[in-house]
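Participant: Listed here are the chains, written in short residue letters.
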Amino acid sequence: MAVPYHVLKVCGDVVFAARGSNIYSFNLSLEHLSTWNYPAKADGKPCGSSSVPQAASPAAEVPPSKRRRLEAGQGEGTGAGADIGEASNGNATAEPEVLEVGNRRRKKDKSACKEPNNTPLEKPFVQGLHATTDGRHLVAVTGSDKTIWVFEHDGAGKLIQLSQRMMPKRPCSIVITPDNQTILSADKFGDVYSLPLIPSPFTEEQKQQTSKEDNEIKSADNASKDATPEPSRSATLSTAAAAAAQFKPQANEFTVHTKRNRMALENQKLALELKLAEKSRAAADAAFEHTLLLGHVSMLTAVLVATAPSTGRKYIITADRDEHIRVSRGTPSQAHIIEGFCLGHEDFVSKLCIPTGQPELLISGGGDDDLFLWDWAAGKLVSKANVLQHAQLIESETKKIAIGRLFTCQQKSNGRAWVFVICERIPALFCFQLQDTTLQHIQTIRTARNPLDVDVVKQAAEAAASSSSSSGSLAVLDWAEQDDVMAEQQPVHEGSGLWVKSNATPNGPAVEEDINVSPQELQKILYPTESLRKTAVDFEE
Amino acid sequence: MAGDKRNKRQKREDYRAALQEEASTELPRKKFYRQRAHANPFSDHHLAYPPSPDHMDWSSLYPDYVAEESQEGEAPPVKASSVADGQEIESAAQKLIKRLTQDVEVADIGCGFGGLLIALAPAMPQTLVLGLEIRVSVTQFVEDRIKALRAQSQEQKLYRNIAVLRANTMKFMPNFFRKGQLSKIFICFPDPHFKTRKHKQRIVSTTLNSEYAYVVRPGGIVYTITDVPDLHGWMVQHFDAHSSFERVSEEEQEADPCVAIMRSETEEGKKVERNSGQKHVALFRRLEDPPFDDEPDKMEQ
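Residue numbers (the UniProt record's numbering), protein chains in the order written: chain P, 1 to 541; chain W, 1 to 301.
Derived from the structure by calculation, the hints contain no laboratory data. Certain hints may be false.
What the hints assert, rightly or not - Listed next, the in silico EDC-like pairs over lysine to aspartate or glutamate satisfying Cα-Cα at most 20 angstroms (straight line):
id, chain 1, residue 1, chain 2, residue 2
1, W, K179, W, E68
2, W, K195, P, E266
3, W, K179, P, E424
4, W, K179, W, E273
5, W, K179, W, D54
6, W, K279, W, E267
7, W, K30, W, E288
8, W, K98, W, E68
9, P, K188, W, D44
10, W, K270, W, D191
11, P, K275, W, D230
12, P, K380, P, E346
13, P, K380, W, D54
14, W, K31, W, D54
15, P, K399, P, E346
16, P, K534, W, D44
17, W, K147, W, D64
18, W, K271, W, D230
19, P, K412, P, D436
20, P, K269, W, E105
21, W, K31, W, E13
22, W, K147, W, D230
23, W, K279, W, E155
24, W, K198, P, D375
Starting from the given sequences, assemble the full structure and let the hints guide the process.
Facilitator: Written out as structure tokens, the structure is:
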């Protein structure tokens, strides 16, 4: 199945575009420079650094209790069966097939292995590309393996992999702080972690701690012993969690009243040993520094770092699927303090951006018909701009839009900010200009196919800052069966100096390998936003 | 079985319909409102909630506290005058919302069958108290209960200051309350979620405490009580770990009249009493936010 380029990042004179799991780099005339290939898997785990052998382990050792019960229901001698499966799996993979029974069990084990991460993708797709402001590092996020990759960029399109870190939950959005030191990762579970761009060497003790913390799913338990008391207790929010790593049943005779619950309590106690064993094994995994900053009880969709122009203070802005936009303090020790919310969306929020040149404003979009413009520090809605009506001019059937990309750049001649909007499955690019406190629709650029991503390509002349008419081009990624990407130049708006490039097929490498993905799967990966919408469900829960 | 079930549902419906019609002063009976004790806070449910606190219409919950027409002109908060059309329409719509003379200041999160609410009503007659509950029929029970109680005390006008709402507070608290609006939050006998992988569903966690800190004003108090010692430990740990809260001392805790009410009047509290179980109480005071931790290098510049 041919896969289009679906994520785009311009980094100085180099255009990075991700197709499937690989990252390709091009120069400004879209000649192929270099390719980074997702490491090939050696028996189910991504090769390379100390990544976690996730794919191999689940279900084999200690299946989650629910699954085990389900297997029991199927009627085979469960307890023994599970034990045997465990043993055989633990021993070696190359055990000869001896008994028919054993064989069958093994097969079952294997199928069980596949189930939990039910991604038939051998390699996870790149879901995001981010560059540091100096262009020396590129950060990529891959989806189903929850991994954040950091590359060093030599300035000529070549990427050298520096680190590969598997987050506890799948990152939905990441941002690099303006000082290029820290990555903030907002995940599917609603938590925001900060991690250093370049991981520092880790001591053995710290390793122990964070991995345990991981197991605890960031529970942030006490253990303030090892956190210094000085720099506010919130430090424990993150680096603590060690002590209570041991599981102990929480119910007691007073809280358990029924026979079945009492039996469950007994079982919990029995499971204790198993779990402890598992934990010590898992402790070796995911050992890198990451700090929990804040969390929503909802899937996060976007994270931003903002600076209030009046005070120079930093804030973290997060958006979630439940219509919230939260503004928290931006320093790690105070990120738990919520300064305010920007409330008013009636459907999910999927994208946030701060218009270049007007950092006091925030633009948000998602499942609503409008873009919202906020005074984010005050939590006040400034104005709205309808996008649906423009989308309906392209596709008259459109009832709902899902904003897949929001991109902003500044017009050098007058300092105005442009905002470019991509709605999922609408073959057009919507161009808005920020005029004082309103977003004015200027133009809709029809594209041949559905655009997937947009970025601005700056011309070298611009750096000289000599004339006002310095220009940039927008590169638009098109969803196509083939791998052509960007079209001939087309002015965005008279005098804006912005041009849209498309349909210029990059002289990319031929698809050297077929990516094994079903069309439905691909649709889901390329258009993930609409699925955030809530469906009217269960009335009487 | 199926027949039984339908029968049961039918009975419930008949009962509730009868209650509606009569607008009776008779208290509702719990057996027609029982519901499974757990709800998944992560699922979408079918919830009604305002986009923001400004959109919340409290008038149907506290009809006795609706502001007079004359006040309405000044009631809506000052809005930026130069705004786009969309905004103007919106603020026009907001004007239709009847404002109350005072804000809700006390929230009982997971109010269950409403025992605490009903006990708090006479204890703090000047304050608006809101119960929040995620389960549909339980919410309905409390609603009917309050309705009946109000009807019973037509003359004394009691129970006018309490109301109940169906809501998922773990997600939507900031949709109902403004920053610092609440002076007290009660978290009584929450679902303990024993399993480790369900701990994220607990109503208290360090990340969620940030939202409690947001809606509670400095000096306000979060009350917790549970019969599960480990959950108690968990809640204390997580509030302690959050630098916006400090634990209230034992003496002060015992001197607080709300603590006695919480111990004895909650439905779950009574049940624990019957089983002669333990009750663990912990109170946490919301501290003032520290000054903004400006980056040192910024300061020097």
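Participant: Evaluate each hint against the coordinates.
Facilitator: Structure-based check of all given hints:
About 25 angstroms separates the Cα atoms of W:K179 and W:E68, which puts this hinted pair outside 20 angstroms; it is violated. Only pairs whose Cα atoms come within 20 angstroms are accepted, and W:K195 paired with P:E266 is accepted, the gap being roughly 13 angstroms. Distance hint between W:K179 and P:E424 is unfulfilled; the C-alpha atoms sit about 35 angstroms from each other, more than 20 angstroms. At most 20 angstroms may separate the alpha-carbon atoms for a hinted pair to count; W:K179 and W:E273 exceed this at roughly 36 angstroms.
Restraint check: the Cα-Cα separation between W:K179 and W:D54 comes to about 12 angstroms, which is no more than 20 angstroms; the hinted pair holds. Restraint check: the Cα-Cα separation between W:K279 and W:E267 comes to about 13 angstroms, which is no more than 20 angstroms; the hinted pair holds. For the suggested pair W:K30 and W:E288, the alpha carbons sit about 42 angstroms apart, so the restraint of at most 20 angstroms is broken. For the given pair, W:K98 sits about 9 angstroms from W:E68 by alpha-carbon distance, which is consistent with the 20 angstroms threshold.
This hinted pair checks out: P:K188 and W:D44 have alpha carbons roughly 15 angstroms apart, not beyond 20 angstroms. Between W:K270 and W:D191, the direct Cα distance comes to roughly 16 angstroms. Compliance with the 20 angstroms bound is thereby established for this hinted pair. Between P:K275 and W:D230 the CA atoms are separated by roughly 19 angstroms; this keeps the pair inside 20 angstroms, and the hint holds. Distance check on the hinted pair: P:K380 and P:E346 sit about 15 angstroms apart at the alpha-carbon level, within 20 angstroms; holds.
Using a Cα cut-off of 20 angstroms, the hinted pair P:K380 and W:D54 holds, with the two alpha carbons roughly 11 angstroms apart. Between W:K31 and W:D54 the CA atoms are separated by roughly 37 angstroms; this puts the pair beyond 20 angstroms, and the hint is violated. At most 20 angstroms may separate the alpha-carbon atoms for a hinted pair to count; P:K399 and P:E346 meet this at roughly 15 angstroms. At most 20 angstroms may separate the alpha-carbon atoms for a hinted pair to count; P:K534 and W:D44 meet this at roughly 7 angstroms.
Pair hint W:K147 plus W:D64 holds up; C-alpha atoms about 13 angstroms apart against a cutoff of 20 angstroms. A threshold of 20 angstroms between alpha carbons decides the hint, and for W:K271 with W:D230 the separation of about 19 angstroms falls inside it, so the pair holds. As the CA atoms of P:K412 and P:D436 are separated by approximately 16 angstroms, the hinted pair is consistent with the 20 angstroms bound. Between the alpha carbons of P:K269 and W:E105 the distance comes to roughly 43 angstroms, so the proposed pair goes past 20 angstroms and is violated.
Pair hint W:K31 plus W:E13 holds up; C-alpha atoms about 12 angstroms apart against a cutoff of 20 angstroms. For the hint linking W:K147 to W:D230, the alpha-carbon distance of about 37 angstroms lies beyond 20 angstroms, and the restraint is violated. The hinted pair formed by W:K279 and W:E155 fails the criterion: a straight-line CA distance of about 37 angstroms is larger than 20 angstroms. Restraint check for W:K198 and P:D375: the C-alpha separation of about 37 angstroms exceeds 20 angstroms, so the hint is violated.
Consistency with the previously given hints fails for numbers 1, 3, 4, 7, 14, 20, 22, 23 and 24, ordered from lowest to highest.
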